[in-house]
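Chemist: From first to last, the protein sequence lines are chains P, A and E. Each residue of the first sequence is one higher than the last, beginning at 17 in the working numbering. Each residue of the second sequence is one higher than the last, beginning at 24 in the working numbering. Each residue of the third sequence is one higher than the last, beginning at 81 in the working numbering.
Just so you know, the hints here were simulated from the structure itself, not pulled from any lab data. If you're wondering where the values come from, they're calculated on a predicted model, not measured in any experiment. Do not rely on the hints blindly, as some may be mistaken.
[Said to hold, decoys possible] From the structure, some residues in chain E lie toward chain P, with a derived Cβ separation under 7 Å: (1) P143; (2) G329; (3) N333; (4) H339; (5) R419.
Just so you know, even glycine gets a beta-carbon here, dropped at the ideal spot from N, CA and C.
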Amino acid sequence: MAENKLIDVNNLKTYFHTEEGTVKAVDGVSFEIYPGETLGVVGESGCGKSVTSLSIMRLIESPPGKIEEGEILFNGKDLTKLSQGQMRKIRGNDISMIFQEPMTSLNPVYTVGDQIMEAILIHKNVNKKQAREEAINMLRKVGIPLPEQRVDEYPHQLSGGMRQRIMIAMALSCDPQLLIADEPTTALDVTIQAQILELMNSLKAQFGMAIMMITHDLGVIAEVSDRVAVMYAGKIVEYTDVKTLYADPKHPYTWGLMHSIPHIEKDLDRLEAIPGNVPNPLDFPDGCKYNTRCPFATDKCRVDEPDIEEVEEGHYSACWHVDKLEAKKSEEKGA
Amino acid sequence: MEWQEVTLRLFKNKISLIGLILVIGFGLIAVFAPWIAPPADPSEPYMVPRAGWGFEPKPPSAEHIFGTAEGQYDIFYGIIWGTRTAFRIGFIIVGISTLIGIAIGTLAGFYGGWFDEIVMRVTDIFMAIPFLIAAIVLTTILGQGLRNVMIALITFGWMNTARLMRSQVLSIKEEEFVMAADALGAGDVRIIFKHVILNTIFPLVIEASMRMGSMVITASTLSFLGIGAPEGYADWGQMISFARNWILGGQGNAIQYWFTVVIPGSAITLFCLSWNLIGDAFRDILDPKLQ
Amino acid sequence: MISYIVRRILILPIILIGVTLLVFSMIMMLSPYQRLSTYIKDPAQLKSVDVDVLVARHGLDDPWYQQYGRWISGVARGDLGWSESAGATVSEAFLSRFPATAELGLFALLPVVLGGIILGVFASVHHNDFWDHVSRVLAIIGWSVPTFVFGLVMLMIFYGHLGWFPPSRLDSWALEIVNSSGFINYTNFFVLDGFLNGNLAIVGNAIRHLIAPVVTISILWWAFIMRITRSSMLEILRKDYIRTARAKGVTENVVVYKHAVRNALIPVVTVAGRMVLGLLGGLVITETIFNIEGLGQFMAQAAQQLDYPAVLGGTLYFGFLLIMINLCVDVSYAVIDPRIRLE
Numbered sequence: 017m018a019e020n021k022l023i024d025v026n027n028l029k030t031y032f033h034t035e036e037g038t039v040k041a042v043d044g045v046s047f048e049i050y051p052g053e054t055l056g057v058v059g060e061s062g063c064g065k066s067v068t069s070l071s072i073m074r075l076i077e078s079p080p081g082k083i084e085e086g087e088i089l090f091n092g093k094d095l096t097k098l099s100q101g102q103m104r105k106i107r108g109n110d111i112s113m114i115f116q117e118p119m120t121s122l123n124p125v126y127t128v129g130d131q132i133m134e135a136i137l138i139h140k141n142v143n144k145k146q147a148r149e150e151a152i153n154m155l156r157k158v159g160i161p162l163p164e165q166r167v168d169e170y171p172h173q174l175s176g177g178m179r180q181r182i183m184i185a186m187a188l189s190c191d192p193q194l195l196i197a198d199e200p201t202t203a204l205d206v207t208i209q210a211q212i213l214e215l216m217n218s219l220k221a222q223f224g225m226a227i228m229m230i231t232h233d234l235g236v237i238a239e240v241s242d243r244v245a246v247m248y249a250g251k252i253v254e255y256t257d258v259k260t261l262y263a264d265p266k267h268p269y270t271w272g273l274m275h276s277i278p279h280i281e282k283d284l285d286r287l288e289a290i291p292g293n294v295p296n297p298l299d300f301p302d303g304c305k306y307n308t309r310c311p312f313a314t315d316k317c318r319v320d321e322p323d324i325e326e327v328e329e330g331h332y333s334a335c336w337h338v339d340k341l342e343a344k345k346s347e348e349k350g351a
Numbered sequence: 024m025e026w027q028e029v030t031l032r033l034f035k036n037k038i039s040l041i042g043l044i045l046v047i048g049f050g051l052i053a054v055f056a057p058w059i060a061p062p063a064d065p066s067e068p069y070m071v072p073r074a075g076w077g078f079e080p081k082p083p084s085a086e087h088i089f090g091t092a093e094g095q096y097d098i099f100y101g102i103i104w105g106t107r108t109a110f111r112i113g114f115i116i117v118g119i120s121t122l123i124g125i126a127i128g129t130l131a132g133f134y135g136g137w138f139d140e141i142v143m144r145v146t147d148i149f150m151a152i153p154f155l156i157a158a159i160v161l162t163t164i165l166g167q168g169l170r171n172v173m174i175a176l177i178t179f180g181w182m183n184t185a186r187l188m189r190s191q192v193l194s195i196k197e198e199e200f201v202m203a204a205d206a207l208g209a210g211d212v213r214i215i216f217k218h219v220i221l222n223t224i225f226p227l228v229i230e231a232s233m234r235m236g237s238m239v240i241t242a243s244t245l246s247f248l249g250i251g252a253p254e255g256y257a258d259w260g261q262m263i264s265f266a267r268n269w270i271l272g273g274q275g276n277a278i279q280y281w282f283t284v285v286i287p288g289s290a291i292t293l294f295c296l297s298w299n300l301i302g303d304a305f306r307d308i309l310d311p312k313l314q
Numbered sequence: 081m082i083s084y085i086v087r088r089i090l091i092l093p094i095i096l097i098g099v100t101l102l103v104f105s106m107i108m109m110l111s112p113y114q115r116l117s118t119y120i121k122d123p124a125q126l127k128s129v130d131v132d133v134l135v136a137r138h139g140l141d142d143p144w145y146q147q148y149g150r151w152i153s154g155v156a157r158g159d160l161g162w163s164e165s166a167g168a169t170v171s172e173a174f175l176s177r178f179p180a181t182a183e184l185g186l187f188a189l190l191p192v193v194l195g196g197i198i199l200g201v202f203a204s205v206h207h208n209d210f211w212d213h214v215s216r217v218l219a220i221i222g223w224s225v226p227t228f229v230f231g232l233v234m235l236m237i238f239y240g241h242l243g244w245f246p247p248s249r250l251d252s253w254a255l256e257i258v259n260s261s262g263f264i265n266y267t268n269f270f271v272l273d274g275f276l277n278g279n280l281a282i283v284g285n286a287i288r289h290l291i292a293p294v295v296t297i298s299i300l301w302w303a304f305i306m307r308i309t310r311s312s313m314l315e316i317l318r319k320d321y322i323r324t325a326r327a328k329g330v331t332e333n334v335v336v337y338k339h340a341v342r343n344a345l346i347p348v349v350t351v352a353g354r355m356v357l358g359l360l361g362g363l364v365i366t367e368t369i370f371n372i373e374g375l376g377q378f379m380a381q382a383a384q385q386l387d388y389p390a391v392l393g394g395t396l397y398f399g400f401l402l403i404m405i406n407l408c409v410d411v412s413y414a415v416i417d418p419r420i421r422l423e
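Kindly produce the complete structure, drawing on both the sequences and the hints.
Modeler: If you want it as structure tokens, here you go:
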């Protein structure tokens with residue numbers, strides 16, 4: 017693995033100070049993204065994955081949010097220490113982001129061409145005509161037919177799938193090194209979903225960029241990621257490459273997630289959902305945040321919070337009782 | 024949102040709290056008027072007593088805490104009993120015009136088609152005449168007096184409610200639960216009542232509380248112009264009607280007659296303010312996006 | 081979109097006829113004798129002449145549709161009838177009073193629209209700051225003060241006490257100049273005419289007389305527009321596409337003024353239509369209090385004197401104005417929002 021990390025997040029803590037209390041949305045998260053790879057970040061709603069990505073982009077609404085601690089190194093530069101003005105040079109240029117709702121993420125009163133050109137005109141030294149050419153080019157690259165026509169159309173004239181392509185075109189127009197995709201396919205039909213993921217993969221190769229793919233969908237993770245970080249209640253609980261994660265999960269939460277997906281070959285009497293709910297961020301349990309739902313929880317888990325540790329090479333997990341999980345897995349294999 | 028939660032939030036919100044206190048304050052004044060300012064003639068409590076026949080307004084003194092207006096009408100008495108007048112005007116006009124508006128708007132929205140078109144055109148026609156002018160015209164025709172003012176304001180005061188109601192009905196009509204009720208065979212009237220009206224009540228409440236203030240202002244404007252309450256009636260607008268003669272400074276220093284305008288004017292402003300605060304707070308509370 | 085506008089224009093005459101019918105029917109609630117009073121100045125006359133003859137002569141006893149038909153056919157010919165209270169034809173009375181009202185209205189629009197929108201945007205950007213709370217409180221108070229009370233207080237302080245801003249449109253010396261042969265009245269807008277005649281003293285005097293009524297009439301609506309703009313902006317600034325713009329590296333100013341404002345203006349434009357309606361009413365009061373001889377004051381007086389040709393003509397005129405303005409509002413929707421344009 018090359019040592020030139022694109023993104024190096026160390027102990028990131030982003031808290032929200034609300035009237036009802038402090039929400040520790042991201043509470044000590046560390047991970048890396050290497051150039052050209054896809055890091056999948058998976059977890060249920062509210063686990064902090066979106067806030068993590070917004071923290072990288074420094075788009076956290078402050079107040080009430082604040083990056084309390086930690087560093088976010090981008091090519092060695094700490095993004096948390098940059099001014100908003102300096103961050104603006106990076107956003108849309110070196111690091112781009114696309115969001116979940118393509119239907120509402122585009123400004124309804126400007127043409128799609130206008131909105132793509134905006135990013136180009138801000139970051140690149142070209143005139144309007146050239147920017148327009150580039151915009152049309154991008155539309156073509158993302159697979160929009162008749163781009164010369166489409167460039168002058170308004171968002172409401174396009175379908176959801178097309179709008180997400182436009183978002184991608186906008187994000188990639190300045191050739192970023194990292195694309196953060198926050199649930200890009202969640203709001204789309206399954207068939208369109210597959211198209212968009214394929215598009216993103218091919219563009220990744222074309223542009224040579226890294227992708228941070230945020231989703232709650234394990235299927236999407238499996239399809240696009242090189243490495244995966246599993247998040248729960250503001251922390252990363254497991255962190256390894258994608259094949260290992262699926263073949264040999266070493267955290268009860270990951271294992272629980274995998275189990276809740278029905279397999280065609282298995283004979284199931286009932287769907288195995290993880291019992292309980294994600295804890296209220298204003299009222300996290302003591303100790304390991306997962307203890308309320310974990311079948312292996314002991315008293316120690318209810319008092320001490322485990323740090324994330326390397327349990328085997330390149331494989332990290334935050335759990336006191338990985339051995340218990342392993343025992344259970346062997347049991348099932350044997351059965 | 025449940026009523027209990029709405030009331031609770033209403034009390035917690037500082038803005039609405041002030042409004043509530045003011046409204047309750049006015050309410051208490053209205054209720055206890057006969058004790059706070061005993062009428063000179065119990066059979067005509069709304070006629071402001073005159074402390075003599077002098078022309079010039081007298082400033083506040085121990086005897087007349089708010090002073091006297093032109094013709095020696097006791098301003099304090101007028102303010103106190105004027106509170107009752109204000110509430111009466113507000114409740115009657117807003118109450119009746121809201122009911123009319125609800126009825127018209129609901130029917131138009133629900134039945135749609137050419138019926139809706141016609142009703143909307145009629146509404147447009149009523150709305151094409153500036154409110155104050157229409158009120159002046161109708162009041163002049165009907166004759167002086169508060170009752171006619173109320174009729175006039177009701178006649179031209181239902182349109183906004185009707186439109187609001189209609190647009191609410193139109194959007195709810197498409198909602199699935201109404202179609203479900205329809206599919207289950209619930210009768211038209213039942214659907215209208217239960218699902219439509221109960222779901223649209225909140226914006227109406229906001230609108231109605233704002234109109235309490237604006238209707239009282241319009242009524243007092245008409246009284247000021249001389250076509251509302253008769254001379255000497257306990258109505259805040261009426262009490263200001265002669266003030267213009269004195270504050271122009273022609274007959275001596277203008278500011279010394281400040282009380283003829285400022286005191287009744289403040290009463291109207293505070294009354295309207297309190298309802299606006301409540302309406303504004305309602306809007307903040309019931310805004311689904313802020314929940 | 082075009083078809084929508086065309087439809088609206090076609091409906092216009094129907095609405096106008098409806099308005100006239102409405103007002104006419106209100107006036108018909110008066111008996112012929114009451115309506116006769118418009119024509120009789122001197123009550124003594126009533127005793128000497130046979131009232132019924134007069135009633136018949138003016139056709140006040142004919143069936144309503146005949147009377148209405150007479151009036152309507154007059155209008156079609158451009159004849160709005162005779163206004164007793166003005167001592168001139170209704171058309172002349174309107175024309176001579178129009179500039180005063182228009183001047184006041186136009187000058188009032190500036191602070192309302194510009195001030196209201198700009199301050200509204202400002203308040204939304206400095207959301208929850210001290211100044212935001214202050215402006216919100218001021219706006220609610222402004223919305224609660226009756227126009228006539230505000231006008232009277234303005235008169236009391238700034239004219240009665242300080243003598244700075246007098247009522248009427250001009251001082252008598254200025255009026256003399258304006259009515260003299262040396263002064264050409266191009267428009268009867270005194271500020272404009274003053275400039276065109278190169279007489280800055282007139283301009284200054286006209287402006288001095290305009291300040292108090294303009295403030296009076298605009299304070300209410302300025303508050304209104306500001307609030308609507310503020311809350312609309314707040315809503316828009318929460319939208320996803322604003323987040324997208326920031327994620328592209330757009331500066332905050334551009335986010336606010338390019339991306340947000342245009343979207344936020346949509347509900348403001350809606351309100352503008354309603355505002356004009358209210359402004360017209362406000363003009364009535366303001367002109368009456370400040371003794372400005374405009375259409376508003378004329379309408380109020382005409383109504384009080386039951387000068388019904390004037391009242392009918394006035395409501396026709398205002399109705400037309402209102403509908404045209406609402407049409408403009410609809411057109412501006414199309415200009416601002418492409419979703420409507422392409423329907």
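Chemist: Would you mind marking each hint as holding or not holding in the structure?
Modeler: Evaluated hints:
no., hint, in the structure
1, P143, "55 Å, violated"
2, G329, "4 Å, holds"
3, N333, "11 Å, violated"
4, H339, "6 Å, holds"
5, R419, "5 Å, holds"
Checked against the numbered hints above, the structure breaks hints 1, 3 and satisfies the rest.
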